[in-house]
Amino acid sequence: MNIILNNRPDSFEEDSLTFEELIKKKNFTFKLIVTKLNGKLVKKDVRSQVSIHDGDDVTVMHLVSGG
Amino acid sequence: MKQEKTIFEPKFIFKTMNIKEIFKILKTKTIGIAGCGGLGSNCAAALTRLGIGKIILADFDKVDASNLSRQYYFYEQVGQKKVFALADNLSYISPYVEIKPYDLKLGPHEIITIFKDCDLIIEAFDLAEMKQMIIETCTESFPDKPLIVGNGMAGWGNNNSIKTSKIGENLYVCGDGVSEISEELPPLAPRVGIVANMQANTAISILLKNEKSTEL
Numbered sequence: 005m006n007i008i009l010n011n012r013p014d015s016f017e018e019d020s021l022t023f024e025e026l027i028k029k030k031n032f033t034f035k036l037i038v039t040k041l042n043g044k045l046v047k048k049d050v051r052s053q054v055s056i057h058d059g060d061d062v063t064v065m066h067l068v069s070g071g
Numbered sequence: 229m230k231q232e233k234t235i236f237e238p239k240f241i242f243k244t245m246n247i248k249e250i251f252k253i254l255k256t257k258t259i260g261i262a263g264c265g266g267l268g269s270n271c272a273a274a275l276t277r278l279g280i281g282k283i284i285l286a287d288f289d290k291v292d293a294s295n296l297s298r299q300y301y302f303y304e305q306v307g308q309k310k311v312f313a314l315a316d317n318l319s320y321i322s323p324y325v326e327i328k329p330y331d332l333k334l335g336p337h338e339i340i341t342i343f344k345d346c347d348l349i350i351e352a353f354d355l356a357e358m359k360q361m362i363i364e365t366c367t368e369s370f371p372d373k374p375l376i377v378g379n380g381m382a383g384w385g386n387n388n389s390i391k392t393s394k395i396g397e398n399l400y401v402c403g404d405g406v407s408e409i410s411e412e413l414p415p416l417a418p419r420v421g422i423v424a425n426m427q428a429n430t431a432i433s434i435l436l437k438n439e440k441s442t443e444l
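Keeping their order, the protein sequence lines are chains H and A.
Sequential numbering from 5 applies to the first sequence in the numbering used here.
Sequential numbering from 229 applies to the second sequence in the numbering used here.
Calculated from the structure, these hints are not laboratory results.
All C-beta atoms, glycine included, are put in the ideal place defined by N, C-alpha and C.
Take these hints with a grain of salt, some might be off.
Unchecked claim - So the derived list for chain H, only partly shown, Cβ under 10 Å to chain A, looks like this:
| id | residue |
| --- | --- |
| 1 | Met5 |
| 2 | Ile7 |
| 3 | Asn11 |
| 4 | Ser20 |
| 5 | Ile27 |
| 6 | Asn31 |
| 7 | Gly43 |
| 8 | Val54 |
| 9 | Gly59 |
| 10 | Asp61 |
| 11 | Ser69 |
| 12 | Gly71 |
Stated by the list, open to error - Some chain A residues judged to face chain H by a derived CB distance under 8 Å, without partners named:
| id | residue |
| --- | --- |
| 13 | Ala273 |
| 14 | Asp345 |
| 15 | Met381 |
| 16 | Gly385 |
| 17 | Asn386 |
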């Protein structure tokens with residue numbers, strides 16, 4: 005499948021992946037992240053249930069302390 | 229090298245408006261600021277200079293001498309509650325901006341209660357956990373309210389790593405997205421001020437409806 009990941013095109017052999025699988029595959033190891041699918045928030049506790057498909061717009065945003 | 233595309237990419241199309249027209253619009257607006265540290269205090273100062281009608285401030289902390297490296301407080305205010313010290317400082321800039329200070333620790337319930345009438349919300353917490361909490365709270369409870377988050381502003385230099393991105397309908401993120409504060413990478417006035425003012429600039433571009441001309 006081809007998706008937009010963090011505003012850039014990205015492709016995967018799989019037809020679909022859950023957020024949890026995507027995070028593992030891309031090796032996003034940050035402690036605190038916010039995930040969105042087509043602009044809608046995907047909460048932490050449902051990342052293993054929500055699937056990403058071809059054409060989706062996905063955001064995995066790393067949050068850092070400071071302010 | 230491939231340039232990362234931000235949706236906020238400037239197209240240098242400015243919607244023009246004179247200062248009277250700008251003030252006329254902004255004085256009808258209410259902005260909530262979650263946290264009165266480096267981001268919140270500097271952002272509030274910029275918004276006060278712009279004549280925003282009402283600013284709602286929330287923080288539970290006191291001014292510490294170490295805060296003076298970047299926050300909009302003065303030496304003699306050390307030990308005072310931040311929300312009240314900041315309300316004083318903003319009133320010296322302009323007595324015409326209504327300031328509503330809340331001395332409390334924000335959780336989902338408080339955010340929903342005190343910011344419900346705001347036109348938009350500025351996230352100005354220090355901890356990443358709190359940033360995540362307000363993003364989740366606002367996305368769920370205020371899907372139509374813009375939320376402007378500061379993310380990554382520690383250290384010095386690297387001007388051009390700081391940018392603004394729009395994620396989904398109503399989430400805007402200002403910062404470099406990577407620099408986390410630590411002993412060796414402290415938050416300092418210039419970069420914190422850049423991000424705080426970027427948040428203020430994003431806020432007014434939303435409020436002045438400039439987003440249509442810049443495809444923000």
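Hint-by-hint comparison with the structure:
1. A cut of 10 Å between beta carbons decides the hint on H:Met5: the least distance to chain A is about 21 Å, and the hint is violated.
2. A least Cβ separation of about 15 Å between H:Ile7 and chain A goes past the 10 Å threshold, and the interface hint is therefore violated.
3. A hinted interface residue such as H:Asn11 counts as satisfied when its beta carbon comes closer than 10 Å to some beta carbon of chain A; here the least separation is about 5 Å, so the hint holds.
4. Restraint check, H:Ser20 versus chain A: the minimum CB separation of about 21 Å is more than 10 Å; hint violated.
5. Below 10 Å, beta-carbon pairs count as interface contacts, and H:Ile27 has none with chain A, the closest being about 15 Å; its hint is therefore violated.
6. Interface restraint check: H:Asn31 against chain A, minimum CB-CB distance 15 Å, threshold 10 Å, status violated.
7. Taken as an interface hint, H:Gly43 checks out: its beta carbon lies about 3 Å from the nearest beta carbon of chain A, inside 10 Å.
8. For H:Val54, the suggested interface contact is broken, since its CB lies about 14 Å from the closest CB of chain A, more than 10 Å.
9. Evaluation of the H:Gly59 hint against chain A yields a violated restraint, the C-beta minimum of about 16 Å exceeding 10 Å.
10. The interface hint given for H:Asp61 holds, since its Cβ lies 9 Å from the closest Cβ of chain A, which is under the 10 Å cut-off.
11. For H:Ser69, the shortest C-beta to C-beta distance to chain A is roughly 5 Å, which falls under 10 Å, so the interface hint holds.
12. Annotation: interface hint on H:Gly71 holds; nearest CB of chain A at approximately 4 Å, less than 10 Å.
13. Among the interface hints, the one on A:Ala273 is violated; its C-beta lies about 15 Å from the nearest C-beta in chain H, farther than the 8 Å criterion.
14. With its C-beta approaching chain H no nearer than about 23 Å, A:Asp345 sits outside the 8 Å limit, and its interface hint is violated.
15. Taken as an interface hint, A:Met381 checks out: its beta carbon lies about 6 Å from the nearest beta carbon of chain H, inside 8 Å.
16. Interface restraint check for A:Gly385: the shortest CB-CB distance to chain H comes to about 15 Å, outside 8 Å, so the restraint is violated.
17. With its C-beta approaching chain H no nearer than about 14 Å, A:Asn386 sits outside the 8 Å limit, and its interface hint is violated.
Of the numbered hints given earlier, the model fails hints 1, 2, 4, 5, 6, 8, 9, 13, 14, 16 and 17; all others are met.
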